[in-house]
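Visitor: The lines below spell out each chain.
There are 4 protein chains.
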Amino acid sequence: MLINVGIIGATGHTGEVLIELLLNHPNVKIAHLYNSGKSSPGSQVISEVFPKFKNRLDLICKKPDWAEIKKDCDLVFLALPHTVSMSFVPKLLALGKKVIDLSADYRLKDTLVYENFYKTAHQDKKNLKEAVYGLPELNRAKIKSAALLANPGCYPTCAILAIAPLLALDLVDVDSIIIDAKSGVSGAGKKLENEYLFSEIQGDFRAYKVNVHQHAPEINQVLSKVSGKKIQVTFVPHLLPIERGILSTVYLKKASGYKLKVKTLTELYKNFYKTEPFIRIKPEGVFPRIKDVVKTNFCDIGIKDFGDTIIVIGVIDNLLKGASSQAVQNMNIMYKLPETSGLL
Amino acid sequence: MLINVGIIGATGHTGEVLIELLLNHPNVKIAHLYNSGKSSPGSQVISEVFPKFKNRLDLICKKPDWAEIKKDCDLVFLALPHTVSMSFVPKLLALGKKVIDLSADYRLKDTLVYENFYKTAHQDKKNLKEAVYGLPELNRAKIKSAALLANPGCYPTCAILAIAPLLALDLVDVDSIIIDAKSGVSGAGKKLENEYLFSEIQGDFRAYKVNVHQHAPEINQVLSKVSGKKIQVTFVPHLLPIERGILSTVYLKKASGYKLKVKTLTELYKNFYKTEPFIRIKPEGVFPRIKDVVKTNFCDIGIKDFGDTIIVIGVIDNLLKGASSQAVQNMNIMYKLPETSGLL
Amino acid sequence: MLINVGIIGATGHTGEVLIELLLNHPNVKIAHLYNSGKSSPGSQVISEVFPKFKNRLDLICKKPDWAEIKKDCDLVFLALPHTVSMSFVPKLLALGKKVIDLSADYRLKDTLVYENFYKTAHQDKKNLKEAVYGLPELNRAKIKSAALLANPGCYPTCAILAIAPLLALDLVDVDSIIIDAKSGVSGAGKKLENEYLFSEIQGDFRAYKVNVHQHAPEINQVLSKVSGKKIQVTFVPHLLPIERGILSTVYLKKASGYKLKVKTLTELYKNFYKTEPFIRIKPEGVFPRIKDVVKTNFCDIGIKDFGDTIIVIGVIDNLLKGASSQAVQNMNIMYKLPETSGLL
Amino acid sequence: MLINVGIIGATGHTGEVLIELLLNHPNVKIAHLYNSGKSSPGSQVISEVFPKFKNRLDLICKKPDWAEIKKDCDLVFLALPHTVSMSFVPKLLALGKKVIDLSADYRLKDTLVYENFYKTAHQDKKNLKEAVYGLPELNRAKIKSAALLANPGCYPTCAILAIAPLLALDLVDVDSIIIDAKSGVSGAGKKLENEYLFSEIQGDFRAYKVNVHQHAPEINQVLSKVSGKKIQVTFVPHLLPIERGILSTVYLKKASGYKLKVKTLTELYKNFYKTEPFIRIKPEGVFPRIKDVVKTNFCDIGIKDFGDTIIVIGVIDNLLKGASSQAVQNMNIMYKLPETSGLL
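Chains as they are written, first to last, in this note's numbering: chain A, 38 to 381; chain B, 38 to 381; chain C, 38 to 381; chain D, 38 to 381.
Any given hint could be a false lead.
No copy is singled out in the list; a pair is fine if it fits within one copy or between any two copies.
Unchecked claim - Derived DSS-like pairs: lysine-lysine, alpha-carbon spacing no greater than 27 Å straight-line:
1) 91 to 341
2) 373 to 227
3) 373 to 296
4) 156 to 166
5) 262 to 128
6) 227 to 166
7) 181 to 107
8) 128 to 307
9) 246 to 300
10) 162 to 290
Simulated from the structure, these hints should not be mistaken for laboratory data.
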């Protein structure tokens with residue numbers, strides 16, 4: 038099988054990484070690259086934007102061309118900023134194309150929450166209802182038949198995978214969840230702002246958007262569904278002086294009536310994710326580090342029981358399992374390819 | 038006034054930083070530099086160990102010479118590894134010298150706890166009883182007359198200063214304290230171990246000694262004293278890919294019956310530390326970053342109320358307020374000098 | 038075609054990178070992993086040494102087993118320290134195996150020079166004579182039929198590719214060549230030495246082995262062959278606070294009688310490397326940066342004429358084109374596979 | 038003595054570092070801080086721009102106020118962008134103030150060269166003629182009586198100090214000088230440009246303005262004066278992924294008739310700089326690294342004879358000896374203070 042894909046928003050961080058992955062995918066042909074149509078530079082040779090693609094991919098990244106998309110693409114990836122994606126999706130779906138959206142536009146089912154965090158009304162409520170949340174480990178069945186896939190955020194991917202087994206088995210106090218998350222700089226995309234200058238980041242470390250980050254409602258929505266109870270986590274993201282990777286340290290209190298059916302939490306996690314190709318559980322008492330997963334689609338998890346408190350640490354590459362390679366994993370599922378194609 | 042000081046353990050990280058500070062102190066003469074007497078290299082010109090001291094301090098760092106110390110030193114700083122300091126202290130005190138010990142040997146009053154974490158019996162219980170814990174903001178009165186001063190650990194300094202006001206005013210549930218701490222690599226001293234190689238640290242981030250770090254009992258001891266209740270914090274340190282600085286994110290639950298007498302937690306902290314020259318409270322809703330305090334003796338603190346949960350973030354330079362400059366601050370107090378001498 | 042490969046020395050930097058590449062190569066099966074047989078840890082599961090290989094490659098890395106090699110391997114990569122490789126090569130060749138040696142043992146044809154730099158007599162002069170130097174761009178014909186391939190050093194690869202066209206066309210004064218080279222830390226392998234600690238490297242930059250580096254004779258040997266004249270370059274390597282990548286700034290004086298047959302040096306370089314899949318020449322006046330080639334097998338080159346002086350800048354990834362991916366490129370040539378297999 | 042100083046351009050990198058130094062200087066009172074009067078933010082509390090100055094210096098940085106300067110300042114430092122300084126100098130001199138200009142505006146005596154590199158006509162040729170070039174090691178006598186001091190550039194300071202002794206003694210071929218320079222990012226000031234983002238700098242290294250950098254004519258002007266011959270160096274700057282520090286590797290060919298009157302080049306350099314408090318010559322065969330001088334006003338130099346070629350390596354902190362602390366050293370000389378006041 039050969040999937041002809043287009044990428045809209047090819048010149049950002051996630052676009053760059055997506056191209057890299059798709060170039061190595063045995064079942065994909067990159068048919069066209071587009072920008073948002075609003076960016077000033079106009080057409081650009083992609084290998085001039087990213088010299089590393091020279092002699093590997095010399096496509097021109099240009100304004101979206103609907104006739105071309107209609108004719109040449111089976112699937113379109115949207116690697117666009119939040120609030121921009123939703124202006125493209127209706128038309129792409131109308132053309133019968135499958136869409137994988139890496140922005141936040143189709144993740145939050147509650148449009149009031151969306152509007153509160155993204156400061157704009159949602160323009161495509163109809164398709165929002167049908168969009169499938171693309172976390173394979175929790176939602177694989179629906180992903181198989183998705184026409185519009187909402188690829189998860191980076192912090193949510195890491196936090197949800199670290200917490201879900203405990204909630205699914207009703208082992209923790211749902212009001213006690215604290216997520217202390219740390220991310221590399223690429224999570225912020227390529228914003229040209231003073232705070233992302235080398236001289237500001239190097240040698241520094243800081244919290245930001247303390248307990249008011251836009252990824253908190255995404256985490257709450259998914260974990261509430263897993264647990265069947267309304268969940269509101271405490272979520273504090275921090276900025277690491279590295280390029281890639283997220284590590285989330287999660288603190289939870291045991292539920293009253295806490296009782297394990299297996300010997301250890303490690304065993305419980307291993308069972309829960311037994312058939313997952315991209316989840317690796319650390320041995321008892323060992324916690325993962327960011328280097329374990331950088332440049333991979335893996336999420337590694339360590340967990341330990343400390344009496345009343347449980348500590349779980351999860352790590353992912355924010356640009357891969359937290360964005361582009363998870364999008365490819367979802368594509369593999371949507372097209373019935375082996376889930377690890379192009380990813381191992 | 039001129040204080041003649043000796044430094045034992047001058048070639049480590051804290052020794053290096055201490056020399057730098059004392060060279061700039063208007064009331065100090067560095068009389069002698071010593072190693073532990075056990076290190077293999079024997080005598081070394083300090084400006085060959087640290088080329089940056091060339092033409093500024095060309096003393097020889099050699100085996101401790103008791104006759105010389107007796108004759109030339111008023112005060113001796115011990116910048117030695119844990120478990121080594123306690124073999125020097127009795128003799129120094131017997132010679133009538135004042136001692137500021139930067140190791141952990143005289144911090145923990147409970148020798149069972151000490152022995153549990155440092156894997157060796159305490160050899161100087163007599164002086165341990167008299168040692169004064171050198172956190173000026175909580176213990177200034179006793180520091181004034183100390184003969185043996187136990188300089189606090191880096192993580193404890195940052196965490197205690199961030200938490201103490203809430204406990205002193207009985208505002209939080211003492212069982213709820215979670216300290217998620219992140220430190221630069223210099224906190225580990227100069228250990229030649231694989232995990233501290235550039236290729237291991239750069240681009241990485243990881244937790245270590247999860248909830249079993251030797252600084253937890255020091256935090257517990259001091260906070261218990263502040264609150265009058267037995268406190269056992271959850272403490273998870275992480276290793277940042279930077280050289281200097283600690284940031285601690287602290288999560289606490291409000292006590293039942295929580296009630297502020299001032300308008301905001303920020304105001305409460307400002308009042309609590311009103312006369313402190315080295316504590317700076319951030320404006321409401323602002324949190325400090327490591328760059329704010331690197332190369333200074335300041336501890337900056339930000340605090341915010343999130344309903345049931347309070348989040349406090351504190352930052353220090355681990356080698357300065359977390360070690361050497363706090364030792365100088367303590368010296369200033371012991372010698373009735375202005376507390377900021379040589380530090381601003 | 039399926040090539041069954043063994044790797045001896047699988048736990049070092051180049052071993053790790055080689056495994057990564059071979060896992061993605063469509064014509065390779067990694068049959069066995071071995072250590073040098075002298076290292077203390079004994080057998081190790083490779084995915085415990087490198088957690089990122091967990092669930093991808095779970096072979097045991099053990100003492101070399103000759104019977105096994107004889108039975109299961111077509112080709113053996115030696116990713117061993119210098120002076121160790123030559124104790125393995127004779128036996129492997131005797132078993133009829135092809136060998137790609139990533140160490141320096143078979144690069145220098147003059148054993149006096151070898152012994153001068155590596156402080157030990159060469160133990161396998163017979164095979165040294167037959168060994169083929171594996172720089173495809175200059176030596177592809179011989180590589181095709183090599184039984185023992187000496188994979189080039191990282192600095193030599195970058196410097197030679199940057200300089201060769203000028204020498205081949207006799208355009209520069211052979212006594213004028215200055216190579217100011219800068220390399221990331223991984224070039225030093227995984228040595229546990231104080232100078233490679235994070236706290237030593239981060240924020241620092243320094244020259245080392247100034248004009249006495251062991252790679253200079255390798256550069257001299259190859260360039261002398263290209264030019265037909267005896268060449269002795271001035272070569273100063275420096276250590277960059279990054280993990281991967283080499284950038285070499287080369288200064289040359291024009292030969293008397295200098296005359297170009299094309300319009301620009303850029304054009305000359307483009308012609309010289311016209312059919313090379315892994316050499317990319319920058320447009321006139323543009324110079325490459327390390328990020329252009331990190332994680333690729335490319336060597337990018339920029340060149341400019343400044344009157345009497347010519348400046349050439351070349352960049353490679355020291356672990357890839359400077360080691361492991363160049364070894365794979367050589368394997369592709371030796372086995373008549375497309376030269377870019379597994380590398381683009 | 039107490040010098041009342043004003044700083045115009047206090048919110049840039051060099052302004053920040055200058056404040057830090059002057060706060061610790063025993064003979065200085067910082068009277069006022071000003072911006073250029075053109076920057077958008079208007080008045081700013083300096084401790085809000087740089088939180089580390091909180092509780093140490095709480096002046097307001099505002100539009101220049103000429104009446105205030107006239108009344109309160111003895112000396113004014115200009116830490117302004119190039120081409121801006123020259124609009125302030127005439128007025129300040131007219132008020133009888135001494136001026137130390139850290140920009141390039143008064144360094145180049147040839148206004149054609151200035152205009153060629155800075156793309157604007159020089160507006161103050163009268164004062165340019167009287168301006169004294171502030172490299173104390175070569176120009177101390179004139180600095181003593183300077184009214185307008187042109188503080189040297191960072192690259193020129195490092196390169197000139199490394200080369201001057203060889204030229205002064207006529208030991209090298211003046212056409213052979215190659216300076217391969219590497220600088221930390223702070224050399225570029227605080228420009229908000231894509232190329233200075235963390236994600237661009239971290240893990241990268243590149244040359245820039247290859248042989249066309251605006252500091253080359255400054256180097257040529259000073260070295261020509263030292264040697265009495267017209268000098269045109271080859272100068273290639275590179276960008277290091279660190280914040281502070283410059284290392285220059287200099288390659289020179291011996292002059293015909295080369296003859297040393299002392300035993301080694303090291304000895305020659307030690308003699309040449311014998312009375313200099315801030316120049317340190319490395320022992321024979323040892324070369325300096327950036328960490329040796331970071332956060333100091335020192336320039337460390339290593340030198341070695343390699344037959345026809347001489348290699349010299351010099352290092353400085355670009356923000357200190359390359360800018361702000363050299364300005365303080367010049368102030369000390371202008372006011373007959375000990376030259377090391379506030380600097381050791």
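Visitor: Checking residue 227 and residue 166: alpha-carbon separation at most 27 Å within a copy, between copies, both or neither?
Guide: neither (30 Å within a copy, 46 Å between copies)
Visitor: Is it within, between, both or neither when you check residue 262 against residue 128 at 27 Å Cα-Cα?
Guide: Answer is neither; intra-copy 30 Å and inter-copy 62 Å both fail.
Visitor: Is the C-alpha distance from residue 91 to residue 341 at most 27 Å within one copy, between copies, in both cases, or in neither?
Guide: between (47 Å within a copy, 20 Å between copies)
Visitor: Regarding residue 162 and residue 290, is the shortest C-alpha distance of 27 Å or less found within a copy, between copies, in both, or in neither?
Guide: Classified as neither; 37 Å inside a copy, 38 Å across copies.
Visitor: What label fits residue 373 with residue 227 when the C-alpha limit is 27 Å: within, between, both, or neither?
Guide: neither (33 Å within a copy, 42 Å between copies)
Visitor: Can you give me the call for residue 128 and residue 307, within, between, both or neither, at a CA distance of at most 27 Å?
Guide: neither (42 Å within a copy, 44 Å between copies)
Visitor: Checking residue 156 and residue 166: alpha-carbon separation at most 27 Å within a copy, between copies, both or neither?
Guide: This pair counts as within: shortest intra-copy Cα distance 20 Å, inter-copy 58 Å.
Visitor: Checking residue 373 and residue 296: alpha-carbon separation at most 27 Å within a copy, between copies, both or neither?
Guide: Answer is neither: 38 Å inside a copy and 59 Å across each miss the 27 Å cutoff.
Visitor: Can you tell me if residue 246 and residue 300 fall within 27 Å by alpha carbon in one copy, between copies, both or neither?
Guide: Classified as between; 23 Å across copies, 38 Å inside a copy.
Visitor: Is it within, between, both, or neither for residue 181 and residue 107, if the alpha carbons may be no more than 27 Å apart?
Guide: Answer is within: at 22 Å inside a copy they meet the 27 Å cutoff, but 46 Å across does not.
Hint check: violations occur at hints 2, 3, 5, 6, 8, 10; the rest are consistent with the structure.
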